[in-house]
Amino acid sequence: MNERATPGLTVRGSVDAIIPPLSVVVVLLLVWQGAVSLFAPSEFLVPAPLAVARAMWESRSALLAAAWMTGSSAAIGFLLAAFIGVTLGSLLAASRFLMRGLYPIATLLQMVPLVAIAPLLVVWCGYGVRTTIASAVIVSVFPVLAATLDGMRSTDPGLVELFAINRASRVQRWWKLELPWAIPSIVTGLRIAAGLSVIGAIVGEFVGAFAGDQSPVGILIVSAIRENRTDLVFAAVSVAALVGFALFGVVSLVGWILLRRWHASAG
Amino acid sequence: MNIDRRKLLIGFILVDAVVVSLILLYVLNRPKAGVANTASGERVRIQLNWVPEPEFGGFYAALQDGLYAQEGIDVEIIKGAAGTPAPQMASSGQVECAIASADQMLTLNEKGGDLTAVFSVFETSPMGIMVKADAPWTSLEELWKSEATVAVEAGLPYLKYLSKKIPDSKVRIVPTGAGLAGFERGAVQGQQCFVTAEPVQMELKKVPVRVFSLAASGYDPYAVLVVTKTSWLAEHREVAAKLVRALREGWTRYLADPAKYNVAISKLNPAMSVEAMNIAAEKQRELVAPTGAGARMIGSMTSERWTTLAAQLQELGTISKQPASIDAVFWNAPK
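Protein chains in written order, with our numbering: chain A, 9 to 275; chain B, 314 to 648.
If you are wondering where the hints come from, they were derived from the structure by calculation, not from laboratory data.
All values derive from a computational prediction rather than experimental measurement.
Treat the hints loosely; a few may be bogus.
[Claimed, not checked] Chain A side only, calculated, beta carbon under 8 Å to chain B, not exhaustive:
1) 21
2) 22
3) 52
4) 56
5) 124
6) 134
7) 214
8) 218
9) 227
10) 235
Virtual Cβ for every residue (Gly too), placed ideally from N, Cα, C.
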């Protein structure tokens, strides 16, 4: 582990971090707008960024409601996945037998195409948020589990020996050594899971969400596709991406708070 | 060490060459996704928007009996699946013809789709809402005013139509993606259906159902339309006329003896048995060729129907303006 000075969140640092990606996004949008103006493809094939922005503005209340509905499902799914992933990862790290027995099955979660099992989730959980949350959990639990397991299994053997010499209990070793040691790895897994949980929630919504005056992002996307509103599809997808960014940002912030005093990855 | 590296490099090159050759061999010899006849005429690809089923029966009957070849055209029917963007593929020129519904075509045309309908399989829309036979509702209106859960595809214009027609609706809408399991076990009480598909599945499972027809509610767009890009039609009017002639004859033969053709269609869609296809074919007969239609040619369309639909869609806000010329959105080929 790396002892280092606490990095600060300076204005200069934040600007330095924001400007490069922002510049790339602005350039891409300009190229996109220019290409659409130049080649004038049909509206249903590729909408111009300005058309997407217009759709976002005109449908802002529907998109905000959708972001809230999808974001809540994704956040709950993410939290459940984090809890299940860290707990299972810890159990698997503690027992070679459990790891050999359960890890391949856990890996299946990563392999099974969510789109194929999503209809079954409706059968098992019924229509509504339970299905979208279950879908978010399934797709985002594996990265947390794998990261926790890897983090814990890479604990310094010298420190493990030190804990053994001092007759530390199994729980003490987990709480005071293995879990802190695995935190950087767990945070990485959580960052991946944050984005995946939004994707999982939207796939769940495709098959199991209620539609109405206020619909989640998944239903908005399906409706917009049916209505050939490609601009609204892009707007809804952008909103989904923003929700994913928000979750990613929260996880990164929590990770930074946890790691800033002692780990290089928080720099 | 140098020799080893060289050997390694040569080995890699050889392996790469073999892999690339195999890929090329596969690409050049891969089986085609669609089914085509062997005539060497003008090529016409028809992109279906669903898997092969009796709703496309006449298309396959024409293929089986060599009617396209007799007209001198080389037709390839490309299978679709859930979500296949068939009309968009015709609009972007990836295929010559595709299947769409009339409302879908008008909506797409407003976004630059530039499509023209040349053949309509269904004179009456086969869309409906299916409920179990013992359900308490006696009409679509009653169902829509109840607090039932109904599985429909979000974004379809008829949903707006029903919301407008039945303003005090309390029904809860969910997607159809979960299939019929929810309907069977009662999680949803109403299910969007094609009268030729879902009700047949239920019938075979001994689940008695009733279907509320959307056409009877006043929303009756032409369905299973063959659409083509307007510019392609302008340049290939004779080819389109040959295609329509073959389709008319194909549908006439299919309606006369669907069982003769369903065996071949079932091979293309093993998920639907021949028995189910035969039942579906009987259910669709009246919708394709209504007994009271008189001298109407199979597949032909009228200005009145298109005008009514365009007005309905504009009223619902699905399109912002009427097509410049209603007669330009469809084309009835001469006999």
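Hint-by-hint comparison with the structure:
Of the supplied interface hints, the one on residue 21 of chain A is violated, with its beta-carbon coming no nearer than about 44 Å to a beta-carbon of chain B, more than 8 Å. Because the beta carbon of residue 22 of chain A sits about 40 Å from the nearest beta carbon in chain B, more than 8 Å, this interface hint is broken. Interface hint status for residue 52 of chain A: upheld, as the beta-carbon distance to the closest one in chain B is roughly 4 Å, under 8 Å. A cut of 8 Å between beta carbons decides the hint on residue 56 of chain A: the least distance to chain B is about 13 Å, and the hint is violated.
Residue-level restraint check for residue 124 of chain A is violated (minimum Cβ-Cβ distance to chain B is 11 Å; threshold 8 Å). Hint status for residue 134 of chain A: holds, given a least beta-carbon distance of 6 Å to chain B, under 8 Å. Proximity of residue 214 of chain A to chain B holds as hinted, the smallest CB-CB distance being about 5 Å (cut-off 8 Å). Interface hint status for residue 218 of chain A: upheld, as the beta-carbon distance to the closest one in chain B is roughly 6 Å, under 8 Å.
This hint holds: residue 227 of chain A has a C-beta 5 Å from the nearest C-beta of chain B, less than the 8 Å allowed. A distance limit of 8 Å between C-beta atoms decides the matter here; for residue 235 of chain A the minimum to chain B is near 5 Å, and the interface restraint holds.
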